[in-house]
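Engineer: Each chain is listed here by its residues.
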Amino acid sequence: MLRVLLINDTDKPIGELCQTLIENGYDVLPLVATSRALSEAVKQQKPDIVIVDTESPSRDTLEQLALMHSSAPRPVVMFSHDADQHLISAAVGAGVTTYVVDGLAPERLAPILTVALARFAAESRLRQRLATVENELADRKVIDRAKGLLMDKRKMSEAEAYETLRNQSMKQGMKIAEIARQIIAMADLLT
Amino acid sequence: MTSLPTSLSAVTDVTSSAPPERPHLRIGYVALIDSAPLIVAKQMGFDQRHGITLELYQQPSWAAIRDKLLSGELDAAQTLYGLVYGVQIGLGGPQADMAILMTLNRNGQAITVSNQLADQLKEGQSLRAALKTLGRKPVFAQTFPTGTHAMWLNYWLAANGIHPVSDVESIVIPPPQMPEALAHGELDGFCAGEPWHAVAEHNKSGRTIVSSSQIWPDHPEKALACRREFAALYPNTVQALIRAMLESCQWIEATENKWQLSTWLAQPEYLHLAQDLIQSRLVGRRLDDENAERGSNLPIRFFTDATTNYPLPADGLWFLSQFYRWGLLKSTSDWDAIVNQVCQTALYTQATQQLELTLEPTKTTEIQFIDGQIWDGHDAVSYAKQFTINAVS
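So the sequences go chain by chain: D and R. Anchor point for the first sequence: position 59 equals 122 in our numbering, and the numbering is continuous, going up by one each time. Anchor point for the second sequence: position 301 equals 302 in our numbering, and the numbering is continuous, going up by one each time.
Pulled out of the complex, with its shape left as it was, chain R reads as follows (with noise of 0.2 Å):
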C-alpha cells in the first residue's frame, strides 16, 4: 500500500487547479448508505472548497438515472457498476459513451433469504436442496437487469449450483420494498445494498447469509458517472467533483465521523429510516457464524488510504465477463477498448496529483471468488468463456 498523507484537506491548495468551467452541478442518487459520499460533500461543505456547489437529487429509480443523465437533467450521478456498461453497449435500453470518474465504494452489499431458507441452510442443508423443498421455482429480486445485485446473486446461485437463468425467477423490485415482499413469501431471497437487509433483519422477515464481500472480496459496487461528452467538455469541473468526492470518502471512513455521518443518513430527505439500523451497517459486522459462508466479510469501504476509488479498467471487464456469461452481450470484440474509454484514469489521476495524493494506480492482484474461480484481471474473454455453468447460447 502507497504511503499516504493523513488528510486530505491538509494538503490541498484548492488556487492551483483551474477554476471550474461549470460551477453548479446536478447530481442524481439513489437513497442508499451507498449514497454517503454525495451526502457527506454536501454536509461538510466540501463541494464549496473545490469551486463547485452540488444540487442532490433522489432518483426514484436506476432508469431514472440513466434517463436524466442521457438527457442531460442530471450531469453526474451515482450509479451501479455494471449499469454504465450496460449503457455504454446499449443493453435492453439507449446507447450511449458514458464515463466513470471513480468508484464511490466498494462492499456493503448482501444477500437476504427467507427465515425458512435460514433455517434450512443452518441445519447444513445445501441451498440447492433447500430450494428444492419449496416444490416451485424460486424467486430472487435484484435491483437492475445490468447492475451489481443482478451479477452478485447471479455469480452466487451459479457457485451454489443453481442456473440463475433457468432454475430461478429473477425479478426487480424497488429495495426498499423487498423486505415486505420476503415476509409475505413473495421472494425466497434478495440481493440490494444496505440498510434494506438490516430492515428486514430487524423486522424478521427473513436473515442475511451472505455479504457480498464473500462474493467477491472488495468489488467495486457505485461508480460516479457522466456522460463522456461532460466529461470532456468540463475537466476542470469534474476534477473539482472527484476531488470534492474523495475528501467525503475519506471523512466517512474516519471512526469518530460514523455517527454524524448515520444522523445525516437517517434524515428525511435522505433515508428516512431509524439512524441506530444504518449505524450497524456502516461499521463491519460478523454474519451469524453457522450461517456464514467460506470467505471474508469485509466492511463497507469508501476509501481506505485512496486505494477504494481508483476506476480501474479491470473492475469494467469483470462485469462486460458476467454480461456475457448470462447470455446479455454477445459479442467479445474490443472489450479492453469499451472500458480504457469508459473508466477516465486520466482525470482521476491529474484530480488526485492536486490533492497531492500521487498513487500508483490500483494493481490487479488475482482475487479469488466464491466458488473458488481466479480473476487476474487479463484475458477477460477467456475468463467470460470457462464458467461451466452459463447462459451462452
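Chain D extracted, bound-state conformation (with noise of 0.2 Å):
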C-alpha cells in the first residue's frame, strides 16, 4: 500500500483529498502543518509520496530531503489551481517534479500517482544503469594500470599479463577488477 504524506500548510483545503485517498486504499498518514514536522516524519514514517502545494513554504524542505538522502520519497507532487492535463504529462514527462492540477481534484489524483510513480521508477533505473556503466569503467582503468605494472615489472606481453589477473581471480575467488586494485596497492607500497 503507497503511504501518503499531505503538507497541509497553505490555505488550501485538503480535507476531500485525504478522503478520496483512503477511499482508494492509499495509506494516508497523519498530516504535518510545519517544515520541522516535514523533516521529522519523512524520517520516521518513510512515505512513498509527498503531496505538497506549489505555494507551500515546505518545499525547501523537500529539496533538501531529496538531495541530501537518498531513501527520500520522490517524486514530490505539487498541486495548484489550473487545470491542463496535458501540462501535468508534459511536466512529468521531463522529469519535472512540478505539475499542475484542477484544484486539488481526488479523482484525477490517482492516475497522476501513478504516472509520477512510473517516472520515478524510470528515472532510477537509468541512474542505475549510469551508475553500473561508470563503475565498469572504473574497474576496467584499475585493470589496465595493473597490466601495464605487470607488463613493466614483470616483462609480461598483455596477454600473459591479463592471463595472470584472470589465474588470480580464479583462484582467490574475486573479482578481476578487485585482483588488480590489490597489485597497484602492492606496487605503490614497494616503490
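None of these hints come from the bench; they were simulated from the model. These numbers come from a predicted model, not from an experiment. Note that beta-carbon positions come from the ideal geometry of N, C-alpha and C, so glycine has one too. Please note that the accuracy of each hint is not assured.
Looking from chain R toward chain D, a few residues come up when the C-beta cut is under 8 Å (computed) [unchecked claim]:
no.: 1; residue: W63
no.: 2; residue: A64
no.: 3; residue: G93
no.: 4; residue: T144
no.: 5; residue: I174
Relying on the hints, combine the two individually framed chains into one complex.
Structural biologist: Okay, structure coming up:
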C-alpha cells in the first residue's frame, strides 16, 4: 500500500483529498503542518509520496531531504489551481517534479500518482544503469593499470598480464578488478 | 578602485540604447532585506526610466522561484547565488542552462545560535565543546541545499572542526519560522538572511554570533538570474533590467535613503515587519565583542562604487568547489566552462557602458576565509580538494 504524506500549510482545503486517498486504498499518514514536522515525518514514517502545494513554504525542506538523503521519497507531487492535463503529462515526462492540476481534484489524483511513480521508477532505473556503466569504466581503468604494472615489472606481454590477473581472480574467488586493485596497492607500497 | 561618476542617473541617456524586446517583465523574489534592489526599482520607477515595467511576484520558497524560472512563469528572479549553479549542473532537481546577470548584493547574512550555546561560547568554550554538552546531534537550519546559507553554515562548522554532514543534522525550514523554532529548542542555530536574525535577537530566541562577512569578506549572496535562453533571446531587455537594478543598488547605498528604504521594506506586501528591525540591519553594526569571532564584520553591500555587482566567474567556481567538497558534485571537469557560460559578463559590461559606467571587471584578489584558507579564484579543483574536512566519497 502506498504511504502518502500530505502537507497542510497553505490555505487550500485538503479534507476531500485525504478522504479520496483513503477510499482508494492509500495509507494516508497524519498530516504535517510545519517544515520542522515534515523533516521528522519523512525520517520516521518514510512515506512513498509527499503531496505538497506549489505555493507551500515547505518546498525547500523537501529539496533538502531529496538531495541529502537518497532514501527520501520522490517524486514530490504538487498541486495548484490551474487545470491542464497536457501540462501535467508534459511536466512529468520531462522529469520536472512540479505540475499542475485542477485545484486538488481528488478523482484525478490516482492516475497522477501512478504516472509520477512510473516516471520515478524509470528515472531510478536510468540512474542505476549509469552507475553500473561508470563502475565498469572505473574497473577497466584499474585493470589496465595493473596490466601495465605487470608488463613493466614482470616483462609480460599484455595477453600474459591479463591471463595472470584472470588466474589469480579464479584462484582467490575475487573479481579481476579487485585483484588489479591489490596489485596496484602493493606496487604503490613497494615503490 | 576605479573612479566613477557620482550619480548614474546624471549620465544615463536611455535613448541611446536599443529598445527592450519585452517591455513587461515578471520578476520573482523572496521577502528579505536582500530583495531591496527589486523593490526600489519599482518604488523609484527606475524600471520605467529604462523602458521596462517590472511586475514583482513574491515567492514562498526558492524551489518555487526555480520552477517558475524554468517553466517561464517568471522571466528573471532574485536567487541564492549557489542555487543557480545547482540548477546548471542539475543537483537534486531539473537541469537547465542558467544565466547570472549580476550580483545583487554581498554580505548581510549571519548565524544565530540558541542563548544556551551563545552563553557557553561567551564563557570561552569552543563551539565543538559547547555542542558536545547537548548530548545529541545538534540541529542547524539553513535555507536551500545548494544555496548560499548551506555553504556558509558548512564552511563555518568545518572551520570549527565540526563535520557539517556527519556531526550535525542540517535541515531546511523557511527563514520566517527559524526564530520560533530556535526559541522552542527545535534548532540549536540557523544560517539565513536578514531580517530574521534581527527578529530572533529582538524576541530573545537566540544571539547572532557570526556574520557571513566574517566567513568570506564581501561574499556574493543573491544573484539576478534567468534562463540562458531568455538572456540570449532578449539581450536589450536584459540589459535594461541590469541598468535599472544598478540604479537601484546605487540609490540604496546612499545613507540618506536608508530610512525611506526601510519604510518600503516594512510594508505588508513586502516584509511585513517592524521598520526599526529592518533599519537596524541596513546599517553596519558591531556584533557583541566577546562573541564576535575574528575577521571583519562588514555591512551588506549593494553597490559600493559598482564593485559589488559584476557577475564574477570566480565566485561561481567557489560554489562548485564547495559542492564538490560536500559530495554534491562528483565531476571536476569543465568547471571554468560552466561558470563562464553562466556569468553574463558581456551583457553586464555592455549594460554598464550604456550607463557610462566603464569599469574594469572586478579583479579577483586573494581572499582569506574564516579558517585562514586563501581563495584566489584560480585552480578551483585543487582548492576544492585541499580541505581536510570534506564529504568526498
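Engineer: Among the hints numbered above, which are violated by the structure, and what are their numbers in rising order?
Structural biologist: No hint contradicted; all consistent.
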